[in-house]
Amino acid sequence: MLDKRLEQEQAPRVDERLARVVRIIVEQYDGDVKAFVDSIRYRTEVNRKAEVASDHSDQAPLRKCPSTTKIIGRISSAHYS
Amino acid sequence: MPVHDKDYWENFERSLFLTGKITQEAAYALSPRIKELRAASGDPITLYIDSPGGSSAVAEGIRFLIKAPDQDGRKCRLITVVIGTAASAAADLLALGDYAIAEPQADILYHGSRQAFEQLLTFEGATSVAANLQEANERLALRLARSSFRRIIWRVVQLKDAIEKFRDGPEGLEELVEALTAKFTPGNARLLREAIAKQKSLQEVQTAADNYLKKRKNVAQWPTKQLEPELVRALVDYRSRLHKEDDWLLSRTGMREVASDFNLIHDYASQTKDLDAQLEVYGSLFLTQAQSAEFKSKSEEERKVYLKSHAADKLEVLWYFVVSLCRLLQTKDYQLTPEEAYWLGVVDEVTGSGLQSDREMIEMILSTESATRKP
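Going line by line, the protein sequences match chains A and B.
Note that this note's numbering has the first sequence beginning at -13, numbered continuously upward.
Note that this note's numbering has the second sequence beginning at 7, numbered continuously upward.
One thing to keep in mind: the hints can contain errors.
Straight-line Cα separation of at most 35 Å, DSBU-like style, residue types lysine-lysine; simulated pairs [unchecked claim]:
#, chain 1, residue 1, chain 2, residue 2
1, B, Lys204, B, Lys171
2, B, Lys166, B, Lys41
3, B, Lys302, A, Lys20
4, A, Lys35, B, Lys12
No lab work stands behind these hints, which were simulated from the structure alone.
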């Protein structure tokens, strides 16, 4: 027999993150979910292209190199852990 | 920089595989690993599913073991992923994940509770088994409805023209569901049309009971002990009026019908608190443009009251529809493609499909926020 407690526990919890999404859709997109998704997908795509383009510039190898602090952090954790 | 929210991603490092039949032995085999993962961290656990089903009670046991609070009261989030087949109890388990993912090659199959027998059955035994199976179906359907409701809200608000009609009033539900059927094969579209018919009769029962009880004085203050027998009277009255042309007797099928109505209303009433919480979050998505403009001008407290009077009725009929849909899913055989499972609210995301998901929307918001925070 199914446990009553499980049913209580399964009751939908209000996700604060989704509540924020709803607020933005209603406040900024007049409740149009599709417009919201399309606009942010477009923005994400533009950002992604910009990142790809900047990765091909002269500065890219430097950005990919871990910072000195990170390297020192790794060395010291290897020594003292 | 894209934001990766671990609450919405499968994670192989913290995963379990439920393959083959769901049996007590399978649960015994998974238990130590579940405990190990729970002890290691509070991060979500991913459950990969490829199973023809098995025992619902064992499936529930596995789910509860993953999600149960530890000694500090911390719970764990469950991400379910169907990688092959999720049938019967495995399909329920998939849908009950806090975030459910379907891979494009997956098969999702639903059917009602079944019980195998090795010995001969008596009439009494068969009657009791039938009653138990019916009760199991009802409970599973309600649980499924609770987890699917949020997902279905996100699906219907994508149906552009039909959602506009529904925002005008709850009578637009039929058109909304008709628009939803376009996402299904003809065989499965039948499920949605049957659910609409069921939703209507469910609402009729509720209205008939409400009208009957309204005639009683101070019924809202009555204790449950007094209210329940009166509700039974209301339902007997409703059913006998409905069957006035038939040879309808309580001693034949009547009592069963009344009991079924009673359970339905009782279960529905127990959900109203959840519905209020959903209304607060999603209600504003069901306002017309004019209502939305008015809503935006109100304070936080006023907004709650406004949603009660302008969106509650729409959310309520949608809830009735989802309950009806899930009850049907538990009674007949339905084979769903991953996309159909998505549109039915069984899963949150279909990998590689481009269908909008909670994860995508949340990560979009988080990445926008983190970009604006940067100097």
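Hints, one by one, checked against the model:
{"no.": "1", "hint": "Lys204(B) <-> Lys171(B)", "result": "holds, 21 Å"}
{"no.": "2", "hint": "Lys166(B) <-> Lys41(B)", "result": "violated, 45 Å"}
{"no.": "3", "hint": "Lys302(B) <-> Lys20(A)", "result": "holds, 20 Å"}
{"no.": "4", "hint": "Lys35(A) <-> Lys12(B)", "result": "holds, 24 Å"}
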